[in-house]
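Visitor: In case you want the letters, here they are:
2 protein chains.
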Amino acid sequence: MTIDLYYWPSIQGRGEFVRLALEDAGVDYDDVARRPAADGGGVAAIQRYLAGNKPGALPLAPPFVVDGAHVVAQVAAILDHLAPRLGLVPDDAAARTRALQLQLTIADVAAEAHDTHHPIAVSLYYAQQRDEAKRRARHFIDERIPKFLGHFEQVLARSGGAWSLGDDFSYVDLSLFQLMSGLDYAFPRALTAFAPKIPRLRDLHARVAERPRLAAYLASPRRLPWTTHDLFRHYPELDAQP
Amino acid sequence: MTIDLYYWPSIQGRGEFVRLALEDAGVDYDDVARRPAADGGGVAAIQRYLAGNKPGALPLAPPFVVDGAHVVAQVAAILDHLAPRLGLVPDDAAARTRALQLQLTIADVAAEAHDTHHPIAVSLYYAQQRDEAKRRARHFIDERIPKFLGHFEQVLARSGGAWSLGDDFSYVDLSLFQLMSGLDYAFPRALTAFAPKIPRLRDLHARVAERPRLAAYLASPRRLPWTTHDLFRHYPELDAQP
Numbered sequence: 001m002t003i004d005l006y007y008w009p010s011i012q013g014r015g016e017f018v019r020l021a022l023e024d025a026g027v028d029y030d031d032v033a034r035r036p037a038a039d040g041g042g043v044a045a046i047q048r049y050l051a052g053n054k055p056g057a058l059p060l061a062p063p064f065v066v067d068g069a070h071v072v073a074q075v076a077a078i079l080d081h082l083a084p085r086l087g088l089v090p091d092d093a094a095a096r097t098r099a100l101q102l103q104l105t106i107a108d109v110a111a112e113a114h115d116t117h118h119p120i121a122v123s124l125y126y127a128q129q130r131d132e133a134k135r136r137a138r139h140f141i142d143e144r145i146p147k148f149l150g151h152f153e154q155v156l157a158r159s160g161g162a163w164s165l166g167d168d169f170s171y172v173d174l175s176l177f178q179l180m181s182g183l184d185y186a187f188p189r190a191l192t193a194f195a196p197k198i199p200r201l202r203d204l205h206a207r208v209a210e211r212p213r214l215a216a217y218l219a220s221p222r223r224l225p226w227t228t229h230d231l232f233r234h235y236p237e238l239d240a241q242p
Numbered sequence: 001m002t003i004d005l006y007y008w009p010s011i012q013g014r015g016e017f018v019r020l021a022l023e024d025a026g027v028d029y030d031d032v033a034r035r036p037a038a039d040g041g042g043v044a045a046i047q048r049y050l051a052g053n054k055p056g057a058l059p060l061a062p063p064f065v066v067d068g069a070h071v072v073a074q075v076a077a078i079l080d081h082l083a084p085r086l087g088l089v090p091d092d093a094a095a096r097t098r099a100l101q102l103q104l105t106i107a108d109v110a111a112e113a114h115d116t117h118h119p120i121a122v123s124l125y126y127a128q129q130r131d132e133a134k135r136r137a138r139h140f141i142d143e144r145i146p147k148f149l150g151h152f153e154q155v156l157a158r159s160g161g162a163w164s165l166g167d168d169f170s171y172v173d174l175s176l177f178q179l180m181s182g183l184d185y186a187f188p189r190a191l192t193a194f195a196p197k198i199p200r201l202r203d204l205h206a207r208v209a210e211r212p213r214l215a216a217y218l219a220s221p222r223r224l225p226w227t228t229h230d231l232f233r234h235y236p237e238l239d240a241q242p
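Keeping their order, the protein sequence lines are chains G and U. Going by the working numbering, the residue at position 182 of the first sequence is 182; the numbering climbs one at a time, nothing skipped. Going by the working numbering, the residue at position 134 of the second sequence is 134; the numbering climbs one at a time, nothing skipped.
Hints in this document: simulated from the structure, not taken from any laboratory. The C-beta atom is built at its ideal place from N, Cα and C for all residues, glycine as well. Hints should not be assumed to be uniformly reliable.
[Unchecked claim] A few chain U residues facing chain G, derived, Cβ under 8 Å:
(1) Leu58
(2) Gln74
(3) Ala76
(4) Arg98
(5) Ile120
(6) Arg136
(7) Glu143
(8) Gln154
(9) Val155
[Unchecked claim] Derived lysine-lysine pairs resembling BS3-like cross-links, with alpha carbons at most 25 Å apart:
(10) U:Lys54 to G:Lys147
(11) U:Lys54 to G:Lys197
(12) G:Lys147 to G:Lys197
(13) G:Lys134 to U:Lys134
(14) U:Lys134 to U:Lys147
(15) U:Lys197 to G:Lys54
(16) G:Lys147 to G:Lys134
Using the sequences and the hints, build the whole thing.
Guide: Structure (structure tokens):
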């Protein structure tokens, strides 16, 4: 079974949460838009779905996956759909619900991290909202990072196992890895200062990075570098002052 | 089976998406925090869970439901968990995934509507971020409302039935009703101007409001009035100018 992933070809973005699951599971997947346009790839491949020219559920935005007859958009819905087959969630309803709940909170942090550099409008450049971004980023660092990461630290403390759902590794652990990677890139000073408060989360991040298939992926050209065109962005003026 | 809902007792907020499902299904539920504190209710009942003093999954914020041994937070996860039992989603995996995807997009709009009045920080008063709010609201009205509501209009056009998933009524229709209700309250001028572009969505909103149990709920004191302490807020200066 090949899963077709559709996501902007030049950034990690929200698509990376799906890529990590596919890579860690070692399944055959096609990152369609990263193929040349002449080979059916490129952004045009995404646009055909967004324009409604394809059957199945209509995606509003990438990432989405095409899995046989199913078109599934929204990261948390994609992971909920794929994870049982990928072996990345325990196969019972209660565990799947807990995973979904945690993934949605990770998505909330990611959206807030995005809005630190785009607090006014996604249609404007960062430079057109830099003053507001500085204000929002200060609150994000002082209030939201402690709230959210403190929550995940508690979840790990209560899980009863090595991973966020307990003994079973899941896509939630991959997503927590990605969240921490993005925050480390965007806000290195703030994350360094906060690290002593989240030892379990820091340890989880390190252990996920050592998983063989994930380590191979992270070292490969398939893992795109972070840039200031991405969901998480490093602008020194938005990071905490020492 | 009684389901315990925990949500701030004085606003519709995100909890209302869950309340509508419980009310439309006609099930017995306990809106715990709306009971007096002396009777085990009030905000203190919520805080006991947020503080980690209860077993089960740790909620970061309300709404959450306690359903036997399960504690489930995050609106989309709550609805995905409850809907099969409430008869509010078709009983197959593909339909549940489509419902989840749509609910997540509804949640995205709701979060953006919230950020029109709080673009900088939830910890600040509206008056402390009014200038930024005016800027963000203009983009929300001009760009985001057309994008999101246009998407839902297309979803209805493609569904092949009277409701967003086709012939089967689902919690997604209730959530679309709630989204439109909130936007109508917050941005009456903008929504009136945009109405001709979304006839199916306007019609869906009217049809949902006529469902007998929902109509009874909306006319009851259980349906809280909108205020400027809620997720959706009406500030005339943020609404579109005529």
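Visitor: Confirm or reject each hint.
Guide: Hints, verified against the model:
{"no.": "1", "hint": "Leu58", "in the structure": "holds, 6 Å"}
{"no.": "2", "hint": "Gln74", "in the structure": "holds, 4 Å"}
{"no.": "3", "hint": "Ala76", "in the structure": "holds, 6 Å"}
{"no.": "4", "hint": "Arg98", "in the structure": "holds, 5 Å"}
{"no.": "5", "hint": "Ile120", "in the structure": "holds, 5 Å"}
{"no.": "6", "hint": "Arg136", "in the structure": "holds, 5 Å"}
{"no.": "7", "hint": "Glu143", "in the structure": "holds, 6 Å"}
{"no.": "8", "hint": "Gln154", "in the structure": "holds, 6 Å"}
{"no.": "9", "hint": "Val155", "in the structure": "holds, 6 Å"}
{"no.": "10", "hint": "U:Lys54 to G:Lys147", "in the structure": "holds, 19 Å"}
{"no.": "11", "hint": "U:Lys54 to G:Lys197", "in the structure": "holds, 23 Å"}
{"no.": "12", "hint": "G:Lys147 to G:Lys197", "in the structure": "holds, 11 Å"}
{"no.": "13", "hint": "G:Lys134 to U:Lys134", "in the structure": "holds, 18 Å"}
{"no.": "14", "hint": "U:Lys134 to U:Lys147", "in the structure": "holds, 19 Å"}
{"no.": "15", "hint": "U:Lys197 to G:Lys54", "in the structure": "holds, 23 Å"}
{"no.": "16", "hint": "G:Lys147 to G:Lys134", "in the structure": "holds, 19 Å"}
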